[in-house]
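Asker: Chain by chain, the residues run as shown.
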Amino acid sequence: MIALETGTGTAGFPLLSTMVLLPIVMAAVVALIPRSRPEMVKFVGLLASIATGLLTVVALVDFEVKRSGFQFVTEHEWVRDWGISWKLGVDGISLFLVVLTGVLFPIALAGPKVRRDVKSYVAWMLVLEGACLGSFLALDLLVFFLFFELTLVPMYFIIAGWGYENRVYASLKFFLYTLFGSAFMLVGLLALVFLSTKGGHPLTFDLVELANRQALAASTARWIFLAFALGFAVKVPLFPVHTWLPDAHTEAPTAGSVILAGVLLKLGTYGLVRFGLYLFPKASVDLAPVLLTLAVIGITYGALVAAVQRDLKRLVAYSSVAHLGFIVLGTFAFTSQGLTGGVVQMVNHGLSTGALFLLVGMIYERRHTRQIAELNGLWKSMPLLGGVFMVVMLSSVGLPGLNGFVGEFLILIGTFVTHRWWAVVATTGVILAAVYLLWAYQRVFHGEPTDDNANLPDMTWRERGVMAPLLVLIVFLGVYPKPVLDRVQPSVERLLSHVESHSDFHQPGVAAGGDK
Amino acid sequence: MNAVYLIPLLPLLGFAALVLMGKRLGDPLSGWLATAAIGSSFVASVVTFAALLATDVDGRSVTKSVFTWLDVGGLHVKASLLVDPLSMTMCLFVTGVGTLIHLYAVGYMHGDSRYPRFFVYLNLFAFSMLMLVLGDNLLITFLGWEGVGACSYLLISFWFERETAAVAGKKAFVTNRVGDFGFLIATFLAFSTFGTLTYKGMFAQVDGAAHTTLVAMALLLFLGACGKSAQLPLYVWLPDAMEGPTPVSALIHAATMVTAGVYLMARMSPVLHEVQSVQHLIAWVGVLTALFAATIACAQDDIKKVLAYSTISQLGFMFLAVGTGAYVAAIFHMVTHAFFKALLFLGAGSVIHGLHDEQDMKRMGSLRKWMPITSVTFIIGWLAIAGFPGLAGFWSKDDILAAAWADNKALWAIGVFTAGLTAYYMTRQVALVFFGEERWRRADSTGTSDTGDTGDTGDKEELTEPEPVAANGHGAHDGHAAEPHESPWTMTVPLGVLAFLSLVGGAINLPFGKAAFLERWLHPVVGQFAPELHVATGTKVAIGAAVSGLAIVAIVVGFRLWATRPDRARLEPEVLRRAWGVDALYSFLFGTGGGLLAAESAAVDRAVVDGAVNGAGSLVRLGGAQLRKAQSGYVRNYALGIAAGAVLLLGYAVARMGL
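Chains as they are written, first to last, in my numbering: chain A, 160 to 675; chain L, -4 to 654.
None of these hints come from the bench; they were simulated from the model.
Some hints could be false.
Restraint ranges, calculated between C-beta atoms of paired labels, are given here [to be verified]:
{"#": "1", "chain 1": "A", "residue 1": "V346", "chain 2": "L", "residue 2": "G586", "range": "45 to 51 Å"}
{"#": "2", "chain 1": "A", "residue 1": "E533", "chain 2": "L", "residue 2": "G586", "range": "18 to 24 Å"}
{"#": "3", "chain 1": "L", "residue 1": "L645", "chain 2": "A", "residue 2": "F339", "range": "34 to 40 Å"}
{"#": "4", "chain 1": "L", "residue 1": "R565", "chain 2": "A", "residue 2": "E533", "range": "45 to 51 Å"}
{"#": "5", "chain 1": "L", "residue 1": "P526", "chain 2": "A", "residue 2": "W580", "range": "31 to 37 Å"}
{"#": "6", "chain 1": "L", "residue 1": "P519", "chain 2": "A", "residue 2": "D470", "range": "53 to 59 Å"}
{"#": "7", "chain 1": "L", "residue 1": "L635", "chain 2": "A", "residue 2": "E236", "range": "50 to 56 Å"}
{"#": "8", "chain 1": "L", "residue 1": "A620", "chain 2": "A", "residue 2": "Q373", "range": "46 to 52 Å"}
{"#": "9", "chain 1": "A", "residue 1": "P173", "chain 2": "L", "residue 2": "R616", "range": "45 to 51 Å"}
Counterexamples of contact, computed for chain A against chain L with all Cβ distances above 10 Å [stated by the list, open to error]:
{"#": "10", "residue": "S195"}
{"#": "11", "residue": "V312"}
{"#": "12", "residue": "I572"}
{"#": "13", "residue": "F604"}
Don't be surprised by glycine CBs; every beta carbon is placed ideally from N, CA and C.
So here's chain A without its partners, still in its complex pose (with noise of 0.2 Å):
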């Protein structure tokens, strides 16, 4: 059983409540700065994130390694009759998805430049941020959903203001399509929150305490949970859901893909382990052969679509319906190894597509298309950036030795071990990753440069300090992921126990080693 444990860390200090709702504040003081001065508005922007970020950083440092359950947690009450709390608590699966947004705010404030508006950009980007890590740190159901209702609403302005030509479709299609996967969870959630009242139980919102209680019988808890798991699957997104992704991706601006892919999409995986496989063990367990097939098609599918894209930016798209396939995958094959890879492939994946929109952002500033076919020997007329693309590009196709390998090889093995023949058909899925990822960087770097192409200025120097961070990232955590494995594990053993406690699952001991 998983009890509540209290954080001590920073003694006293609300280190979590602090991290959430310093953006959401600083938005608001950003918007108070006149329009006209937008230097300071960006700023303000990127001070405010990256102190956000540093408090991510200190909740890293000062995270138990050993301990599996939450830590910081802070809990205040809100609505005393209907059980709803302010409570937030970081776990080892939360831990790194905390401070991948962290790392990635300041990085997409700071990296892309924004043409107009600087101050509404900025604002919309803190409350993002903040939303963000409400969603990830949120112990309270209710909590939850409106943090993770909240990340639309900036998101949906990020786009439908900064983006491309295609703005306006994109940016209702991805509000509508995430609404419309969040209507189902709410429903789910209400009903979830209400039945579990059965025998006696007073009225919560409390996730530990609902996950404990599993009052619900086994039909109900399955329709409930494909009500989340559908929320949550839109989101990641699982096929057949995922169409609004290459259309949000492509014509939302830089920065924008760079959250969407980095932070976003996280909040659907994150929400099937946190919210699918703690609250309804028994549902996922049987119903497991669904989203791994689902997840396997992905895979496959993402990457055959990704191969024929004619615009490089859509084509990064396509390659993370396909990334984010390997990440349910794993979650689904319930093993130390799949959970775990899943997890740090959450991040991974955050890193190495967000270097890669980064990269392709700076493409388009200078081209001023993304279309392929118009790109040619890139790599002559800008060794860095084709270098620099190199390196992200051979993480994203899972090279050992970059961070892309250690969460695909972990959930491969870990999904191997329980469910032989959909890993099988998805490592398939990583001769396809060289396929469509070399055969563009062909298209787009190799060649002679013709005219557009031949004189393009270089990585400036604010463009290297942006990539330089997650170039440092993809090698350290290729090469030495052990300080990542070893805080991630114990929460994941955790939950993988919390589930075979509640179902008829075991996992085999091949995947559990001796120590369990």
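Based on the hints, put chain L in the right spot on chain A.
Answerer: Only chain L this time, still in chain A's reference frame:
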């Protein structure tokens, strides 16, 4: 024994240093730094080798851990190095030949606009290759395996401005990934079966494992080996890989990386030993690849393409050895092949360099008079690969064929025939390049000259016409007007050393009792898994004599044919020139077919999956538009609606009450 850490570390440091300051060091300093890195790695290998040699035979397997790489649940993967006779043999020849080729590249790449970057890749390659052979578990081997694959990709497409080079690099990587798919699944299978990925841990449990599991594992690893070592049906990337600079072809696509598959098979010998059926398959794939590639080599005009197909063919011989359980012979041939094939590639590079980037053998000829060192060393390499008695290739090929004889006469017969073909196509190459007419004098020549001096093997020792060493760079693209020149010393010294090794390299495993060093040295690793060879000494001598006789006949015939006339269309049938059309077939199947599949998927995604979403959206909008009409504001319309509703409800109630 701690020197083993330095073996991969030094090239890694070289790589890191070159990434950071390669540009500042420039040409040729960056090349020298890289050469020093791999050279000192060779020294470290020698030191480790000596330490291992001094150890008692039973203790010649030491694991050295560096750090924990992946540790999740029951999966424990350490970055560890395994020091044993097999890994040290690999290290010695990888770093040894590697150093020579680095040195050669210092001169060969001189003047290239991306000179430092070349050595960045080369040192990274050396590091990866050393991790591959030193890894104490499947996953570290896989790390090296993928690393060399990535370096191979980067180096084949080094001159990426050329479309063909870019395409070839991608093709190599993707084809290798098909093999890697097998390697990965085998790794998963090993983990779920044995609970460990270390070689020692797996081999200790082989006895208790299900036969089908071992079969699957062996087959999957062999698939990986077929990709990396360019065997049927995954060989197609290697001929195209010749788009890379010649030192790359010598180092990666002849001497070291492509032998990784053979190494993997030897490393997995305890598993292969249990699955005879897979061994037979390996032997047959090997011998058929050898024959297949040798036939193609007979009809190629590109000096490097001939060598590429020859490499595929020679790798086939190594797999033949693996398949018959003759692991030592496989490793032996791997080493001697590294010597003479690296020599031949570097010699070819020297020729290309000397002729200002000419690769068509039909436009060469008589170069022995202009490039004395290159031609003498090349000729030694030719005799070694042809199996001329006494030279390195003779001994190692002989071992393989003896093992084939003991295993299956059909394998042996095909092997012998292929050995004859080898002697023939290599003679054709030597005759076309170093003998005959000086066809390069006619810039517009299409190589159709049919007159000319008959070359004579006898006068090769008298090549004394000294040419001033032209130290100018690779950058000189002044056409054929200039006469061929000998290469600078950085290029000729490696040629000399490799020629020497090709002459005497057989000494590491002479088939005379105690002289068979490699046999005894590798015995602790593969010895117990190799079947005892029951070939009478007399038979063995007879076989050896027959094979050498065939080789000499092939040399004489080849020479009489090709030193006199470069155009013999009947001996170069179109089907062989096109490599049996396999490439065309593949590009149709995977290029056109795969492209169609992907395009169809994208169309489905647009029309069906997304179409449904947009369709639902339109439906809602349409429905809304229709419903809006009902909201007309006229009270009489609403009254009509209410009345109709009441009637319907009433009718329903009446029906339910069963009246």
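Asker: Take the hints in turn and mark each one as holding or not.
Answerer: Structure-based check of each hint:
no., hint, result
1, A:V346 x L:G586: 45 to 51 Å, "holds, 49 Å"
2, A:E533 x L:G586: 18 to 24 Å, "holds, 23 Å"
3, L:L645 x A:F339: 34 to 40 Å, "holds, 37 Å"
4, L:R565 x A:E533: 45 to 51 Å, "holds, 49 Å"
5, L:P526 x A:W580: 31 to 37 Å, "holds, 36 Å"
6, L:P519 x A:D470: 53 to 59 Å, "holds, 58 Å"
7, L:L635 x A:E236: 50 to 56 Å, "holds, 54 Å"
8, L:A620 x A:Q373: 46 to 52 Å, "holds, 47 Å"
9, A:P173 x L:R616: 45 to 51 Å, "holds, 47 Å"
10, S195, "holds, 41 Å"
11, V312, "holds, 20 Å"
12, I572, "violated, 5 Å"
13, F604, "violated, 7 Å"
Going through the hint list in order, the structure does not satisfy hints 12, 13.
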